[in-house]
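These are the residues of each chain, in order.
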Amino acid sequence: QKEVEQDPGPLSVPEGAIVSLNCTYSNSAFQYFMWYRQYSRKGPELLMYTYSSGNKEDGRFTAQVDKSSKYISLFIRDSQPSDSATYLCAMGDAGNNRKLIWGLGTSLAVNP
Amino acid sequence: GAGVSQSPSNKVTEKGKDVELRCDPISGHTALYWYRQSLGQGLEFLIYFQGNSAPDKSGLPSDRFSAERTGGSVSTLTIQRTQQEDSAVYLCASSTLGGGAETQYFGPGTRLLVL
Chain A
1 QKEVEQDPGP LSVPEGAIVS LNCTYSNSAF QYFMWYRQYS RKGPELLMYT
51 YSSGNKEDGR FTAQVDKSSK YISLFIRDSQ PSDSATYLCA MGDAGNNRKL
101 IWGLGTSLAV NP
Chain B
113 GAGVSQSPSN KVTEKGKDVE LRCDPISGHT ALYWYRQSLG QGLEFLIYFQ
163 GNSAPDKSGL PSDRFSAERT GGSVSTLTIQ RTQQEDSAVY LCASSTLGGG
213 AETQYFGPGT RLLVL
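Going line by line, the protein sequences match chains A and B.
Mapping of the first sequence onto our numbering: position 4 corresponds to residue 4, and the numbering continues sequentially without gaps.
For our numbering, add 112 to where a residue sits in the second sequence, where the first one is 1.
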């Protein structure tokens, strides 16, 4: 079993839909959780960062962390064609040289 | 300001040849990471440099892979005797303090194809 599991998709939705992206993990020591967005032929860029449990909202994006279930989510409201990208979850702990463990990424297409 | 830059953007080489990939991090960033991204494999950590500390090489897949960082800035990833399974996108990232809690800023990657 991988430390971080993420459904690679692809996921295809109509413009305006609510998108839910998820990752599960096995290491209970993980304390910080990130979502990166990667456009085609570009490097990943940080989208959301959450420490420990709870929710964080930024515009149309909401990140949720449920440490009891070892489950994190990214919600995108009113999705736009410009949201079409691959979304990668990443997480880590304060030990282990603080390296990030990455999900495979979920490919999202928002169709106009 | 300038972001992380990588060169070359694309590299095609023959099996058995050596290749060098370059990364210019954001000025002032003390931490530098190399990752490999293959289809269906996600981001694979290769090596991490933080300031003057000994690098964390735990992700290098074989002794054909090596990396150095000169003067705490530019880094070069070298792959010797390339194999077809080395074909991937090699990504470099830098951050201010080092460690996953800080935002890692990625370059556009070098696409390596080994024929």
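Since the hints were made in silico from the structure, they are not lab data.
Any given hint might turn out to be false.
Unchecked claim - Interface residues of chain B toward chain A, partial, derived using beta-carbon atoms under 8 Å: (1) Gly154; (2) Leu155; (3) Tyr160; (4) Gly163; (5) Pro167; (6) Phe177; (7) Ser178; (8) Leu203; (9) Phe218; (10) Gly221.
As the list claims (entries may be wrong) - Now the in silico label distances, taken between C-beta atoms and shown as ranges: (11) A/Ser68 to B/Lys127: 35 to 43 Å; (12) B/Val124 to A/Ser73: 14 to 22 Å; (13) B/Gly128 to A/Arg77: 30 to 38 Å; (14) B/Ser178 to A/Glu45: 38 to 46 Å; (15) B/Lys127 to A/Lys2: 23 to 31 Å; (16) B/Ser150 to A/Ser82: 25 to 33 Å; (17) B/Gly140 to A/Glu45: 31 to 39 Å; (18) B/Glu156 to A/Gly9: 31 to 39 Å; (19) A/Leu11 to B/Asn164: 24 to 32 Å; (20) B/Thr208 to A/Ser82: 27 to 35 Å; (21) A/Lys2 to B/Gly183: 35 to 43 Å; (22) B/Ser139 to A/Glu45: 45 to 53 Å.
Please read these numbers as outputs of a predicted model, since none were measured by experiment.
Where a beta carbon is used, it is the ideal one built from N, C-alpha and C, also for glycine.
Exercise for the section: Indicate whether the distance between the beta carbons of B/Val124 and A/Ser73 respects the range 14 to 22 Å. Expected result: At 40 Å between Cβs, range violated.
Problem - Distance restraint hint 31 to 39 Å, applied to the beta-carbon atoms of B/Gly140 and A/Glu45 - result: violated (19 Å)
Handout entry: Hint check, B/Pro167 versus chain A [nearest Cβ-Cβ separation less than 8 Å]
Key = Violated - the Cβ of B/Pro167 stays beyond 8 Å from chain A, reaching only about 10 Å at its closest.
Practice task
Would you check whether B/Leu203 satisfies its interface hint, that is, whether its CB is within less than 8 Å of any CB in chain A?
Solution key: holds (6 Å)
Exercise for the section: Using Cβ atoms only, decide whether B/Ser178 comes closer than 8 Å to chain A, and label the hint accordingly. Expected result: violated (19 Å)
Exercise for the section: Please verify that hint: B/Leu155, Cβ, nearest Cβ of chain A, below 8 Å or not. Expected result: holds (4 Å)
Problem - Whether the CB-CB distance between B/Thr208 and A/Ser82 falls inside 27 to 35 Å - result: holds (28 Å)
Exercise for the section: Mind checking the hinted window 35 to 43 Å against the Cβ distance between A/Ser68 and B/Lys127? Expected result: With a Cβ separation near 49 Å, A/Ser68 and B/Lys127 fall outside 35 to 43 Å, so the hint is violated.
Exercise for the section: Starting from the hint 35 to 43 Å, judge whether the C-beta atoms of A/Lys2 and B/Gly183 obey it. Expected result: holds (37 Å)
Practice task
Could you say whether the range 30 to 38 Å given as a hint is met by the Cβ separation of B/Gly128 and A/Arg77?
Solution key: Given range 30 to 38 Å: violated, Cβ gap about 51 Å.
Practice task
With chain A as the partner, please determine if B/Gly221 meets the hint condition of a C-beta pair closer than 8 Å.
Solution key: holds (6 Å)
Problem - Status of the B/Phe218 interface restraint (C-beta, 8 Å, chain A) - result: holds (3 Å)
Checked against the numbered hints given earlier, the structure breaks hints 4, 5, 6, 7, 11, 12, 13, 14, 17, 18, 19 and 22 and satisfies all the rest.
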